[in-house]
Amino acid sequence: MSILIDRNSLVLVQGITGRQGGFHARLMMAYGTQVVGGVTPGKGGEWFESAPVFDTVRAAVQTTNADTSLVTVPARFAPDAVMEAADAGIKLIICLTEHIPVADMMKVVAFCKRRGSRLIGPNCPGVMTPGQAKVGIIPAMVAEPGNVGVVSKSGTLTYEVGFAMKNAGIGISTIVGIGGDPVIGTTFVDVLEMFENDPETEKVALLGEIGGSAEIVAADYIKNCMTKPVAAFIAGRSAPPGKRMGHAGAIVDGGEGSADEKIQALEAAGARVANNPEAIPSLLA
Amino acid sequence: MKLHEYQSKFLFREFGIPIPDGQVARTPDEAHEIASQLGEAVVVKAQVHVGGRGKAGGVKLARDADEARQFAADILGMDIKGLTVEQVLIDPAAAIQQEIYLAITNDRAAGCPLIMSSMEGGMDIEELNRERPEAIIRERIDPSLGLQNFQLTYIASAMGMPRARWRSFGSILRSLYRCYSESDAELAEINPLVITGGGELLAVDGKVIIDDNALFRQPKLAAQRDASGEPESERLAREAGITFIKLDGQIGCMVNGAGLAMTTMDMTKLYGDADGIGPANFLDIGGGASPEQVAAALRIILSDAKVRCVLINIFGGITRCDEVADGILTAYNEVKPNVPMVIRLQGTNASEGNAIISQARMPNIASAETLTQAAQMAVAAAKEQA
Chain A
11 MSILIDRNSL
21 VLVQGITGRQ
31 GGFHARLMMA
41 YGTQVVGGVT
51 PGKGGEWFES
61 APVFDTVRAA
71 VQTTNADTSL
81 VTVPARFAPD
91 AVMEAADAGI
101 KLIICLTEHI
111 PVADMMKVVA
121 FCKRRGSRLI
131 GPNCPGVMTP
141 GQAKVGIIPA
151 MVAEPGNVGV
161 VSKSGTLTYE
171 VGFAMKNAGI
181 GISTIVGIGG
191 DPVIGTTFVD
201 VLEMFENDPE
211 TEKVALLGEI
221 GGSAEIVAAD
231 YIKNCMTKPV
241 AAFIAGRSAP
251 PGKRMGHAGA
261 IVDGGEGSAD
271 EKIQALEAAG
281 ARVANNPEAI
291 PSLLA
Chain B
11 MKLHEYQSKF
21 LFREFGIPIP
31 DGQVARTPDE
41 AHEIASQLGE
51 AVVVKAQVHV
61 GGRGKAGGVK
71 LARDADEARQ
81 FAADILGMDI
91 KGLTVEQVLI
101 DPAAAIQQEI
111 YLAITNDRAA
121 GCPLIMSSME
131 GGMDIEELNR
141 ERPEAIIRER
151 IDPSLGLQNF
161 QLTYIASAMG
171 MPRARWRSFG
181 SILRSLYRCY
191 SESDAELAEI
201 NPLVITGGGE
211 LLAVDGKVII
221 DDNALFRQPK
231 LAAQRDASGE
241 PESERLAREA
251 GITFIKLDGQ
261 IGCMVNGAGL
271 AMTTMDMTKL
281 YGDADGIGPA
291 NFLDIGGGAS
301 PEQVAAALRI
311 ILSDAKVRCV
321 LINIFGGITR
331 CDEVADGILT
341 AYNEVKPNVP
351 MVIRLQGTNA
361 SEGNAIISQA
371 RMPNIASAET
381 LTQAAQMAVA
391 AAKEQA
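Those sequence lines, one after another, are chains A and B.
Heads up: take any position in the first sequence, counting from 1, add 10, and you land on our numbering.
Heads up: take any position in the second sequence, counting from 1, add 10, and you land on our numbering.
Where hints are given, some of them may not hold.
Here are some chain B residues pointing at chain A (derived, C-beta under 10 Å) [to be verified]:
no., residue
1, G67
2, C122
3, E136
4, E149
5, S154
6, F160
7, D221
8, V265
9, G267
10, A271
11, K279
12, D285
13, A385
Restricting the straight-line Cα-Cα distance to at most 25 Å, the calculated cross-link-like pairs of lysine-lysine (DSS-like) are [said to hold, decoys possible]:
no., chain 1, residue 1, chain 2, residue 2
14, B, K279, B, K91
15, A, K253, B, K70
16, B, K346, A, K253
17, B, K230, A, K253
18, B, K91, A, K233
Please keep in mind that the hints were generated in silico from the structure rather than gathered at the bench.
It should be emphasised that the depicted structure is a prediction, and the values quoted were computed from it without experimental measurement.
Built from N, CA and C at the ideal position, the CB exists for glycine as well.
Turn these sequences into a full structure, and let the hints guide you.
Following this line, the structure appears as structure tokens:
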């Protein structure tokens, strides 16, 4: 088992005829992911490799029975694309798009909850279950199948840690990139709960960063509800307050959201916190 | 993007929130003229993007126009926390009966707008939150529905607003909510909202921050950007489309991805802090890392004279390290840096990339295999250059 996606996931790519969408759809197919279709309004009836292209998510779901959708469309159109997927009954929506206004995301996240769809992201690298499927842009080379679950706010930092784990001979059950935006569909706690309930996940690596309080809430959950060991790294110890460090959500604001308070909370909850991401494998050994 | 106090208040006025009838002056004479027109005691307020202006001497009460000119002369050109004051707001002084705090912000965890209000306004909200959190009323708003009337009543009654003021307070809060949502603000704050001697409500100070990701649909607000406090390097980066933040250390960092960029900074501090060495900047070069991007990033990093070493850390996922290596060499030959560089390429085609770097035999360039090693080498190089 694994969480969120596996070899049986039936995946749509919204924006499959775009440069990014097409590029990553090919890599996903090569990895073994069942990409059953694409959606680009105005291009219904065309084909992308072996996958039919539809004008609407609704039409795509009727024909392909897709249960998962990857949203790769630009920020101005992404909120609409996510809501379209939720409205068409897609259960898992993964949105890679960066730079979506927060006001739009607040409405979209509320809409997805009402429709019973799980949204991952936005501004995330996606989800990968090594050896089975990947939905998003996580490179195949950074992970082997195994029993450590990885949940992270960031892309390349996750690759870095995954790669260090692979070199140390540690495999991964599923990698979930939840995204670096202030308002996101799925939080650390949501994913920790899934890992806690997944029989194939034995340990968890959590990669957080400055800004917001999601890591503090995660620490509470680890302390009160988790039986599986957690190793963690928090990026941004050297970041000055009041500055937004690349990710829209990565800002220490009014003394809240600093790396030190997150590290303290995680340590107090019993998690092992690394001061160097390359030390994560040794904390999982 | 932060708006100045005067920009925030003028925006409030567009949404029907009463503000003092003030104007902005850039010279002492302008201050004198505005104060004479107002014909009463005025407050001269520095317009800079930092808190604590009052404590720094950037806010002064003048009895007449001559005094306003004098205070404006004192405040204009003043340095407040590293920023030079270039404009002052001249507001008529208000007779204050009560100071109220009122703000709307994004509740990240709940994913919805949050209204915060208190009858104990005037002071810094973080201070109030530490000392008397129970004095702040918090109300979350359904993002799909917006602010409802029952919520206005709840907020006014829970905070202890005098009943005679409910109506005017409700209308201001409704206007502030419209201002927050129609301006794509991540913060719209009135502090203080004053009950004047005559019982009127007046937004005496204001702060608005606009969501950078929404500026594309807020052209009027985007045009109000005041980049005067922005370091030259940050301006260059913004124009080149590179995410860059200047810091005060010695190791210039060039990294792909925001999380890894922060981590790389952290590593230089982890190994360099004992010797007073740390990151000179945050720089996320983004996905492609083309020669043009690498060259632009290198130029921006080297525009900081404090930089004693450049650390390039690229984890190639989709990006291929051999292409990045070519980009680095092209940029190197173009920019000709006179400080040592440590390059760490990992991930897709890393060995090919490292071979390209080592075959070029650049005297100033060293390769590292791991991030830990790269950070330690950069710290050692920076120490040597000291």
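Okay, the hints, checked on the actual structure:
For the restraint placing G67 of chain B at the interface with chain A, the shortest Cβ-Cβ distance is roughly 21 Å, beyond the 10 Å limit, so the hint is violated. Proximity of C122 of chain B to chain A holds as hinted, the smallest CB-CB distance being about 6 Å (cut-off 10 Å). Taking 10 Å as the C-beta cut-off, the interface hint given for E136 of chain B holds, the closest approach to chain A being about 5 Å. At its closest, the beta carbon of E149 of chain B sits 15 Å from a beta carbon of chain A; the interface hint therefore is violated under the 10 Å criterion.
Look at S154 of chain B: its Cβ gets to within about 5 Å of chain A, closer than 10 Å, so that hint holds up. Here the hint on F160 of chain B is broken, as its CB sits about 19 Å from the closest CB of chain A, past 10 Å. Evaluation of the D221 of chain B hint against chain A yields a held restraint, the C-beta minimum of about 5 Å falling below 10 Å. The criterion of a C-beta within 10 Å of any C-beta in chain A is met by V265 of chain B, whose closest approach is roughly 8 Å, and the hint holds.
With 10 Å as the threshold, the beta carbon of G267 of chain B comes within range of chain A, its nearest partner Cβ sitting at about 3 Å, so the hint holds. At its closest, the beta carbon of A271 of chain B sits 6 Å from a beta carbon of chain A; the interface hint therefore holds under the 10 Å criterion. Residue-level restraint check for K279 of chain B holds (minimum Cβ-Cβ distance to chain A is 4 Å; threshold 10 Å). For D285 of chain B, the interface hint is violated, since its Cβ never comes within 10 Å of a Cβ in chain A; the closest pair sits about 15 Å apart.
The beta carbon of A385 of chain B comes within 9 Å of a beta carbon in chain A, closer than 10 Å, and the hint placing it at the interface holds. At most 25 Å may separate the alpha-carbon atoms for a hinted pair to count; K279 of chain B and K91 of chain B meet this at roughly 24 Å. For a cut-off of 25 Å, the pair hint linking K253 of chain A to K70 of chain B is broken: about 29 Å separates their Cα positions. Distance hint between K346 of chain B and K253 of chain A is unfulfilled; the C-alpha atoms sit about 30 Å from each other, more than 25 Å.
Taking the CA atoms of K230 of chain B and K253 of chain A, the gap is near 24 Å; set against the 25 Å cutoff, the hint holds. With a C-alpha separation of about 41 Å, the suggested pairing of K91 of chain B with K233 of chain A is violated against the 25 Å cut-off.
Hint violations for this structure: numbers 1, 4, 6, 12, 15, 16 and 18, all remaining hints satisfied.
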